[in-house]
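Student: Spelled out from the first residue to the last, the chains are:
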Amino acid sequence: MTRTLPATEVTGRTREGIAQRLAQDLKDGYVVNLGVGIPLFVPLFIPADTEVVLHAENGVLGLGPAPEGEGDPDLTDAGKQAITLMPGAAITDSAMSFAMIRGGHLDVTVLGALQVSAAGDLANWYVPGKSPAVGGAMDLVAGTPQVWVTMEHVDRQGRPKILPECTMPLTGRACVTRIYTDLAVFHVVDGTLRLVECAPGVTPEQVRERTAAPYTEDLHP
Amino acid sequence: MIDKFREDVLSVVDHVHDGASIAVGGFGSSGRPDVLLDALCELDRRDLHVYVNNVGHDFTGVGRLLHEGRLRRVTASFPILQEFYDEYFAGKVELELIPQGTLAERLRAGGSGIPAFFTPSGAGTMLADGSFTLRYSPDGGVAEHVPAKEHRMINGRQYVLEEGIVADFGFVKAHRGDRKGNLRFRLSARNFNPLAAMSGRHTFAEVEHLVEVDALHPDDIHLPGVFVDDVLLATPAPADQPLMERSAS
Numbered sequence: 001m002t003r004t005l006p007a008t009e010v011t012g013r014t015r016e017g018i019a020q021r022l023a024q025d026l027k028d029g030y031v032v033n034l035g036v037g038i039p040l041f042v043p044l045f046i047p048a049d050t051e052v053v054l055h056a057e058n059g060v061l062g063l064g065p066a067p068e069g070e071g072d073p074d075l076t077d078a079g080k081q082a083i084t085l086m087p088g089a090a091i092t093d094s095a096m097s098f099a100m101i102r103g104g105h106l107d108v109t110v111l112g113a114l115q116v117s118a119a120g121d122l123a124n125w126y127v128p129g130k131s132p133a134v135g136g137a138m139d140l141v142a143g144t145p146q147v148w149v150t151m152e153h154v155d156r157q158g159r160p161k162i163l164p165e166c167t168m169p170l171t172g173r174a175c176v177t178r179i180y181t182d183l184a185v186f187h188v189v190d191g192t193l194r195l196v197e198c199a200p201g202v203t204p205e206q207v208r209e210r211t212a213a214p215y216t217e218d219l220h221p
Numbered sequence: 001m002i003d004k005f006r007e008d009v010l011s012v013v014d015h016v017h018d019g020a021s022i023a024v025g026g027f028g029s030s031g032r033p034d035v036l037l038d039a040l041c042e043l044d045r046r047d048l049h050v051y052v053n054n055v056g057h058d059f060t061g062v063g064r065l066l067h068e069g070r071l072r073r074v075t076a077s078f079p080i081l082q083e084f085y086d087e088y089f090a091g092k093v094e095l096e097l098i099p100q101g102t103l104a105e106r107l108r109a110g111g112s113g114i115p116a117f118f119t120p121s122g123a124g125t126m127l128a129d130g131s132f133t134l135r136y137s138p139d140g141g142v143a144e145h146v147p148a149k150e151h152r153m154i155n156g157r158q159y160v161l162e163e164g165i166v167a168d169f170g171f172v173k174a175h176r177g178d179r180k181g182n183l184r185f186r187l188s189a190r191n192f193n194p195l196a197a198m199s200g201r202h203t204f205a206e207v208e209h210l211v212e213v214d215a216l217h218p219d220d221i222h223l224p225g226v227f228v229d230d231v232l233l234a235t236p237a238p239a240d241q242p243l244m245e246r247s248a249s
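Those sequence lines, one after another, are chains A and B.
Residue 91 in this note's numbering is what sits at position 91 of the first sequence, and the numbering runs on without skipping anything.
Residue 128 in this note's numbering is what sits at position 128 of the second sequence, and the numbering runs on without skipping anything.
Worth double-checking, as some hints may not be accurate.
As a list, the in silico PhoX-like pairs of lysine-lysine whose alpha-carbon atoms are at most 25 Å apart [claimed, not checked]:
| # | chain 1 | residue 1 | chain 2 | residue 2 |
| --- | --- | --- | --- | --- |
| 1 | A | 130 | B | 92 |
| 2 | A | 80 | A | 130 |
| 3 | B | 149 | B | 4 |
| 4 | A | 130 | B | 149 |
No wet-lab data here; the hints were simulated from the structure.
Using the sequences and the accompanying hints, generate a full structural model.
Tutor: Below is the structure:
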């Protein structure tokens with residue numbers, strides 16, 4: 001796709017800021033799976049009066065913060081990092097863990113993306129020619145009712161990542177329900193994208209310049 | 001009198017033949033049966049097909065098998081190891097990449113007498129449509145694709161048919177086990193271990209602690225001994241210590 005690069009510079013949210021914005025939308029009692037990257041900042045910003053249960057696909061329901069010191073080698077998250085457990089946590093084998101995921105027992109999965117399409121298709125597991133690895137991403141997007149993507153609005157070359165169609169291999173079709181970027185928040189409603197919010201200091205025009213997919217606007221002040 | 005405990009790892013793993021398929025427990029290095037995997041290297045076994053979530057991040061565990069050229073095919077969700085990909089793109093090892101939940105359920109199903117099941121995971125993607133490369137040729141071209149999987153609409157949604165895995169052998173690690181093969185795992189080291197044990201026609205369990213047969217309460221057994229054929233110590237200790245004492249440390 002040829003596209004003129006936007007002429008103006010724009011600075012929106014930081015990576016932590018994207019996670020902070022997303023955390024405001026988590027509701028008390030939600031069970032949430034967090035992918036690697038920006039999603040891992042989310043727990044830092046969950047309001048104190050909101051209880052969110054974190055799930056890791058290697059069989060942990062009720063993750064706590066990272067341990068002080070070395071931690072327990074038998075207690076890790078899906079990124080193989082040492083973790084702690086919250087009161088009321090449960091451990092399962094991997095089949096039970098994915099029964100929770102595919103069975104729709106989680107509320108939200110938060111993951112990164114290479115590309116998202118106008119219909120909410122997601123590509124996030126494979127850059128052709130690089131090292132293919134899928135992990136639990138296809139199960140998470142197939143089973144979780146709400147799939148929230150966190151990502152930079154454009155790639156390192158400044159090219160839009162929200163496209164009419166994904167050009168990279170798909171993780172799932174029509175699975176994304178929200179997109180949180182440094183510049184904006186989109187919801188996927190009835191199979192189409194809707195811009196609901198621009199980041200502070202970012203204009204709807206700046207978002208439009210950097211978004212290749214068609215979308216409607218329903219901006220909340 | 002059932003006694004599945006074996007002192008000598010090599011004489012047990014010696015039953016694994018060249019070309020065997022092995023379901024391996026563990027998630028990264030957590031709960032990975034390294035004593036059993038190392039024995040495959042000591043015994044110079046080759047041409048193996050391993051079902052495992054990760055090849056690893058270094059040359060231990062399954063990574064050692066890869067490094068020593070002992071793998072024919074890996075069925076995994078997240079191989080990670082760069083040398084694995086180098087070998088894959090060079091056509092020296094095959095990769096059947098499948099979603100992580102599909103790997104878990106295929107192992108569970110195979111061990112449960114379920115030959116296949118439908119899952120939404122991966123439906124309509126290149127992991128199911130026959131376009132993912134199973135094996136490259138040495139010149140960098142595609143030698144063989146993973147075959148396309150049957151898709152079916154059920155209640156208005158698309159699903160993909162996945163087959164249960166019955167492996168020749170199961171390799172697992174547990175925290176505690178008894179001479180009847182009953183196992184108990186610890187924290188997130190459980191992961192794929194019960195499923196790999198179920199999948200194996202013949203399953204070896206390395207345990208950190210060998211306990212008396214009545215030490216595990218029936219309600220607290222994570223995997224009944226019926227799925228386990230041989231029990232070994234994960235950390236063989238000096239032979240001059242009594243068995244129970246050295247396993248309890």
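Student: Each of the hints needs a verdict: does it hold here or not?
Tutor: Against the structure, the hints come out as follows:
About 17 Å separates the Cα atoms of residue 130 of chain A and residue 92 of chain B, which keeps this hinted pair within 25 Å; it holds. For the given pair, residue 80 of chain A sits about 22 Å from residue 130 of chain A by alpha-carbon distance, which is consistent with the 25 Å threshold. Pair hint residue 149 of chain B plus residue 4 of chain B does not hold up; C-alpha atoms about 39 Å apart against a cutoff of 25 Å. Proposed proximity of residue 130 of chain A and residue 149 of chain B is supported: the alpha carbons are some 24 Å apart, at most 25 Å.
In this structure, only the earlier hint numbered 3 is contradicted, and the remaining ones agree with it.
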